[in-house]
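One line per chain: the protein sequences are D and R, in this order.
Note that UniProt numbering has the first sequence beginning at 1, numbered continuously upward.
Note that UniProt numbering has the second sequence beginning at 1, numbered continuously upward.
These are computed hints drawn from the structure, not numbers from a lab.
Any given hint could be a false lead.
[As the list claims (entries may be wrong)] DSSO-like, lysine-lysine: derived pairs with alpha carbons at most 30 Å apart:
#	chain 1	residue 1	chain 2	residue 2
1	R	K109	D	K27
2	D	K308	D	K62
3	D	K241	R	K278
4	R	K109	D	K308
5	D	K27	R	K278
6	D	K278	D	K123
7	R	K133	D	K59
8	D	K62	R	K133
9	D	K278	R	K278
10	D	K241	D	K305
11	D	K123	R	K278
12	R	K109	R	K63
13	D	K122	D	K241
14	D	K241	D	K166
15	D	K278	R	K133
16	R	K174	D	K305
17	R	K174	D	K309
18	D	K241	D	K309
19	D	K241	R	K109
20	R	K174	R	K73
21	D	K278	D	K59
22	R	K278	D	K122
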Amino acid sequence: MEEVSVRPKAVAATRSSELSRRLWRNKWIYVMLLPGVLYFLIFKYIPMYGLIISFQNYKPFKGVSGSEWVGFEHFQRLFTEPDFFNILSNTLILFVMNILFYFPIPILLALMLNEVRFGLFKKVFQTIVYLPHFMSWVIIVSISFVMLTMDGGIINQMISYFGWEKINFLLSPEWFRPTYIVQVIWREAGWGTIIYLAAISSIDPQLYEAARMDGAGRLRQMWHITLPAIRSVIVVLLILKIGDVLELGFEHVYLLLNSMNRNVAEIIDTYVYTAGLKQGQFSYSAAIGFFKSFIGLVLVMLANKMAKKMGEEGVY
Amino acid sequence: MVEDKTLGGRLFAILNYTLLTVIGLITIIPFIHVVAGSFTTSAEMAAKTFVLIPTDWSLEAYKFIFSTSTIFKAMGVSIGVTLLGTVFSMFVTALMAYGLSRRDLDGRKPIMFLVVFTMLFSGGLIPTFLVVKELGLIDSYAALVLPSAVSAFNLIILKNFFQNIPEGLEESAKIDGASDFGILFRIVLPLSMPAIATISLFYAVTYWNTYLSAILYLNESAMWPIQVLLRQIVVLASGMDYSSTLDNVTPPPEQSVKMAVIVVATLPILLIYPFLQKHFAKGALLGSMKG
Numbered sequence: 001m002e003e004v005s006v007r008p009k010a011v012a013a014t015r016s017s018e019l020s021r022r023l024w025r026n027k028w029i030y031v032m033l034l035p036g037v038l039y040f041l042i043f044k045y046i047p048m049y050g051l052i053i054s055f056q057n058y059k060p061f062k063g064v065s066g067s068e069w070v071g072f073e074h075f076q077r078l079f080t081e082p083d084f085f086n087i088l089s090n091t092l093i094l095f096v097m098n099i100l101f102y103f104p105i106p107i108l109l110a111l112m113l114n115e116v117r118f119g120l121f122k123k124v125f126q127t128i129v130y131l132p133h134f135m136s137w138v139i140i141v142s143i144s145f146v147m148l149t150m151d152g153g154i155i156n157q158m159i160s161y162f163g164w165e166k167i168n169f170l171l172s173p174e175w176f177r178p179t180y181i182v183q184v185i186w187r188e189a190g191w192g193t194i195i196y197l198a199a200i201s202s203i204d205p206q207l208y209e210a211a212r213m214d215g216a217g218r219l220r221q222m223w224h225i226t227l228p229a230i231r232s233v234i235v236v237l238l239i240l241k242i243g244d245v246l247e248l249g250f251e252h253v254y255l256l257l258n259s260m261n262r263n264v265a266e267i268i269d270t271y272v273y274t275a276g277l278k279q280g281q282f283s284y285s286a287a288i289g290f291f292k293s294f295i296g297l298v299l300v301m302l303a304n305k306m307a308k309k310m311g312e313e314g315v316y
Numbered sequence: 001m002v003e004d005k006t007l008g009g010r011l012f013a014i015l016n017y018t019l020l021t022v023i024g025l026i027t028i029i030p031f032i033h034v035v036a037g038s039f040t041t042s043a044e045m046a047a048k049t050f051v052l053i054p055t056d057w058s059l060e061a062y063k064f065i066f067s068t069s070t071i072f073k074a075m076g077v078s079i080g081v082t083l084l085g086t087v088f089s090m091f092v093t094a095l096m097a098y099g100l101s102r103r104d105l106d107g108r109k110p111i112m113f114l115v116v117f118t119m120l121f122s123g124g125l126i127p128t129f130l131v132v133k134e135l136g137l138i139d140s141y142a143a144l145v146l147p148s149a150v151s152a153f154n155l156i157i158l159k160n161f162f163q164n165i166p167e168g169l170e171e172s173a174k175i176d177g178a179s180d181f182g183i184l185f186r187i188v189l190p191l192s193m194p195a196i197a198t199i200s201l202f203y204a205v206t207y208w209n210t211y212l213s214a215i216l217y218l219n220e221s222a223m224w225p226i227q228v229l230l231r232q233i234v235v236l237a238s239g240m241d242y243s244s245t246l247d248n249v250t251p252p253p254e255q256s257v258k259m260a261v262i263v264v265a266t267l268p269i270l271l272i273y274p275f276l277q278k279h280f281a282k283g284a285l286l287g288s289m290k291g
């Protein structure tokens with residue numbers, strides 16, 4: 001009897017001493033992890049905790065612990081404010097434009113680039129189209145501004161050369177969305193090809209040979225071999241893109257935003273910035289930010305589930 | 001693969017090369033136009049529709065923007081933040097990536113989860129701002145570095161790279177009495193130079209492009225990095241409410257002056273780009289495929 005009751009304790013003791021021995025042996029590794037872990041805790045997790053201010057009337061001098069609780073008041077305000085629906089729809093429209101007009105382009109470019117046999121051409125092309133990705137939005141937007149202005153911008157000079165009416169790209173609401181998406185494509189389309197090209201390069205060349213034997217031309221090879229082979233990469237990137245649903249780039253939109261196009265250009269991010277930091281409505285704008293992050297998380301999980309149902313691996 | 005000699009194949013190739021050439025030109029021409037425009041007189045800019053090579057070479061735009069201390073100061077801020085920020089970020093990232101690359105480490109999985117979760121969910125702008133404020137970082141250059149010091153994406157790339165180094169090398173160093181720090185600095189890091197270079201350059205580009213942190217956390221215009229100044233000079237001046245940012249400017253900057261400022265803000269990226277380009281494809285891949 002005695003022995004039986006003693007044994008599990010002894011086993012547990014050796015186990016825990018084994019664990020503490022392992023922990024001690026790796027103590028310097030934990031020291032190495034410390035700065036990084038602290039970074040994530042302070043600048044990523046404390047802000048997540050800070051989201052509770054969206055259930056409070058946060059007063060800066062009282063802090064999170066001293067501010068008054070108001071429950072879902074800010075969220076209720078969100079859904080009754082007509083402004084909010086305008087902002088939400090602006091955000092969703094830009095998101096859908098991203099999926100429809102931007103997302104397929106790197107895939108097409110990668111397919112085209114894969115057909116290039118002339119190595120130097122490929123290299124030069126890649127060097128050029130990767131470049132804009134490394135420029136800040138300020139630089140990209142600045143370059144397009146000097147090209148698009150009414151007085152002396154190259155685009156408007158060309159338009160008037162052909163005898164057409166000059167277009168006020170920067171100040172007219174109807175030109176905001178086209179300008180936005182063209183800038184996105186210009187900056188990111190080339191860079192977006194990298195991952196597809198890598199996926200394509202790992203396809204077994206014998207597959208193409210076999211297809212050629214069967215008389216398949218270039219386009220049929222693309223359709224029946226290349227595209228199915230990169231399907232899983234496409235699905236993963238699409239899930240990630242959907243997760244970024246409301247991540248349209250604060251900087252990019254903020255730089256294009258002005259009093260003339262505000263009606264179509266104001267998105268959740270820019271609104272959070274203005275309402276929160278310019279007007280001091282911390283709690284209300286934190287609630288909007290919370291709503292946004294939450295929707296993003298839910299959408300990634302949904303997209304991932306759907307991908308798995310379709311027989312793909314998903315991102316996690 | 002062999003060249004397709006059929007008529008369809010040839011047509012396809014011609015169409016493909018033509019389209020790609022056009023796309024390449026559309027990408028590069030705006031840059032060339034801006035560089036050319038910065039080296040010409042405002043008169044030529046106004047007279048000609050399409051300047052790709054200036055006929056009337058002139059440095060007047062550059063003389064003008066460097067006639068005040070504003071640009072120098074902003075460049076100095078950006079260079080300083082980029083150098084210090086990159087070193088700091090690399091240090092923290094490399095230590096953490098090495099720790100997480102050790103498969104025998106207890107608690108590795110929860111820490112990895114902690115990192116990956118931040119890629120899916122975040123507290124957002126306002127709570128982050130309040131943390132930075134509580135830490136007393138407002139109006140300090142640390143606010144441009146600390147809140148974005150570690151990129152989860154870069155961390156995962158580096159961790160995966162470290163994991164691919166044969167474990168035997170580390171084992172034998174350990175038998176020879178090397179410490180964990182010794183293994184990291186004398187064996188793992190020297191073997192990872194391509195990855196280190198790639199990630200450093202990614203960080204450097206991010207710091208050079210810092211804009212959001214600056215407008216959030218710096219109220220003093222004297223502290224602004226080049227990107228914020230660029231916005232003041234080009235974007236705001238192109239809208240309506242132009243407020244003069246360069247001390248002694250009375251008229252709004254002409255096209256060629258704006259272009260010169262864009263060139264100055266872009267130049268450092270163009271200078272490191274050739275080094276960057278050599279490595280990044282491989283580095284970015286490692287991270288995204290296994291991330």
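Going down the list of hints, with the structure as the test:
Of the pairs offered as hints, the one joining R:K109 and D:K27 holds, with about 17 Å between alpha carbons and a cut-off of 30 Å not exceeded. Simply put, D:K308 and D:K62 have alpha-carbon atoms about 47 Å apart, too far for the 30 Å limit, and the pair is violated. Pair hint D:K241 plus R:K278 holds up; C-alpha atoms about 27 Å apart against a cutoff of 30 Å. For a cut-off of 30 Å, the pair hint linking R:K109 to D:K308 stands: about 23 Å separates their Cα positions.
Taken as a hint, the D:K27 and R:K278 pair is broken in the structure, with Cα atoms around 37 Å apart against an allowance of 30 Å. Restraint check: the Cα-Cα separation between D:K278 and D:K123 comes to about 47 Å, which exceeds 30 Å; the hinted pair is violated. For the hint linking R:K133 to D:K59, the alpha-carbon distance of about 13 Å falls within 30 Å, and the restraint holds. For the suggested pair D:K62 and R:K133, the alpha carbons sit about 14 Å apart, so the restraint of at most 30 Å is met.
Restraint check: the Cα-Cα separation between D:K278 and R:K278 comes to about 43 Å, which exceeds 30 Å; the hinted pair is violated. Restraint check for D:K241 and D:K305: the C-alpha separation of about 15 Å stays at or below 30 Å, so the hint holds. Distance check on the hinted pair: D:K123 and R:K278 sit about 11 Å apart at the alpha-carbon level, within 30 Å; holds. Between R:K109 and R:K63, the direct Cα distance comes to roughly 57 Å. Violation of the 30 Å bound is thereby established for this hinted pair.
As the CA atoms of D:K122 and D:K241 are separated by approximately 27 Å, the hinted pair is consistent with the 30 Å bound. With a CA separation close to 35 Å, the supplied pair D:K241 and D:K166 exceeds the 30 Å bound. Only pairs whose Cα atoms come within 30 Å are accepted, and D:K278 paired with R:K133 is accepted, the gap being roughly 15 Å. Between the alpha carbons of R:K174 and D:K305 the distance comes to roughly 44 Å, so the proposed pair goes past 30 Å and is violated.
For the suggested pair R:K174 and D:K309, the alpha carbons sit about 46 Å apart, so the restraint of at most 30 Å is broken. Between D:K241 and D:K309 the alpha-carbon distance is near 18 Å, which keeps this suggested pair within the 30 Å criterion. A hinted pair counts as satisfied when its Cα atoms are at most 30 Å apart, and D:K241 with R:K109 qualifies at roughly 25 Å. The suggested pairing of R:K174 with R:K73 is violated, with an alpha-carbon distance near 49 Å, which exceeds 30 Å.
Annotation: proposed proximity of D:K278 to D:K59 holds, straight-line Cα distance about 15 Å (limit 30 Å). The straight-line distance between the Cα atoms of R:K278 and D:K122 is roughly 14 Å, inside the 30 Å bound, and the hint therefore holds.
Going down the numbered hints, you'll see the structure goes against 2, 5, 6, 9, 12, 14, 16, 17 and 20, while the others check out.
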